[in-house]
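Start from the sequences, fold in the hints, and give me the full structure.
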Amino acid sequence: MQAAQPARDTNGRVNLDRVAVVLFRPQLPENIGAAARAACNMGLRRLLVVQPASLEPERMRMMATAAAAPVLEQMEVYDDLATALAPFSYVVGTTARRGGLRRELLTPREIALRLVELSRHNDIALLFGPENWGLTNKELPYCHALVTIPTAECASLNLAQAVLVLAYEIWLVRHPAPRFEPRLANCRELESMYAMLKETLMKIDFISRQNPDYWMLNVRRFFSRHGLRAREAQVVKGICRQIDWYVKRRLSGESPGE
6 MQAAQPARDT
16 NGRVNLDRVA
26 VVLFRPQLPE
36 NIGAAARAAC
46 NMGLRRLLVV
56 QPASLEPERM
66 RMMATAAAAP
76 VLEQMEVYDD
86 LATALAPFSY
96 VVGTTARRGG
106 LRRELLTPRE
116 IALRLVELSR
126 HNDIALLFGP
136 ENWGLTNKEL
146 PYCHALVTIP
156 TAECASLNLA
166 QAVLVLAYEI
176 WLVRHPAPRF
186 EPRLANCREL
196 ESMYAMLKET
206 LMKIDFISRQ
216 NPDYWMLNVR
226 RFFSRHGLRA
236 REAQVVKGIC
246 RQIDWYVKRR
256 LSGESPGE
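In the working numbering, the protein residues as written are 6 to 263.
Check before you lean on any hint, since a few could be wrong.
Subject to a maximum C-alpha distance of 16 Å in a straight line, what follows is the list of computed EDC-like cross-link-like pairs (lysine to aspartate or glutamate) [stated by the list, open to error]:
no.	residue 1	residue 2
1	K253	E204
2	K253	D210
3	K143	E81
4	K208	E158
5	K242	E194
6	K208	D218
7	K143	D218
8	K143	D85
9	K203	D249
No wet-lab data here; the hints were simulated from the structure.
As structure tokens, this is what we get:
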């Protein structure tokens, strides 16, 4: 359980208390410590680590320095990415690769502007992949947006460097007139909806039963682009239940209108 943090002035800025850095399968304790320091430099206090290769305290503290020690002390460790991301309504994935599933890549500055309004009522995760290969296609469906950091050469950045650049743009940005933004559905609510939607779409032969997760990627992209609110996710699940009821009545020979 995290200790309560004092509220910060977020007028026209990203609410940093709602933004967390998530490191997926980090390979070196030193990189975890350096990432904690980079996050702390830019006002981000929450750090989640998923399936780390090693969590040697001394090696982490050596790179974090004393200033970021509280970030390491409150660090959350998870064995499963889905569990770690479940409470977050908006997940920003980072990637140096292009093409394939990595469409509509944003810059750190572009995503920072988007987060000003979203962070008023939603918890946001900045997701970073392993140092050696980054996020794979298996992790991308969790992401509502993908960010790449433009470079002149050598596109792949050190983990802490990537955290620092993205966190810096988020800390720096100001939005002139933030408007009301209702709470988006979190990952737990979305994954429940997607599971029900997949079953329903297979029943009505809208998507192939051969590798349905592949066909669901376009559905996920559609909903991620628009940003489902929590109530809207419940509406989609209700539609799925009604379709399921309708199909069962037809198969049993009953008239759905009876």
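| request: With a cut-off of 16 Å on the C-alpha distance, tell me whether K253 and E204 pass. | output: holds, 14 Å
| message | For K242 and E194, compute the direct alpha-carbon distance and say whether it is at most 16 Å. | response | holds, 10 Å
| When you check the alpha-carbon spacing of K253 and D210, does it fall within 16 Å? | holds, 15 Å
| message | Tell me if the straight-line CA distance from K143 to D85 falls inside 16 Å. | response | holds, 13 Å
| query | Does the alpha-carbon distance linking K208 and E158 stay inside the 16 Å limit? | reply | violated, 48 Å
| said: Against the 16 Å threshold, does the CA-CA distance of K143 and E81 hold or violate the hint? | reply: violated, 22 Å
| Are the Cα positions of K208 and D218 separated by 16 Å at most? | Distance of about 14 Å is within 16 Å: holds.
| task | Measure nothing beyond the straight line between the CA atoms of K203 and D249; if it is 16 Å or shorter, mark the hint as holding. | result | holds, 12 Å
| request: Given the hint that K143 pairs with D218, test it: the Cα-Cα distance must not exceed 16 Å. | output: holds, 10 Å
Of the numbered hints given earlier, the model fails hints 3, 4; all others are met.
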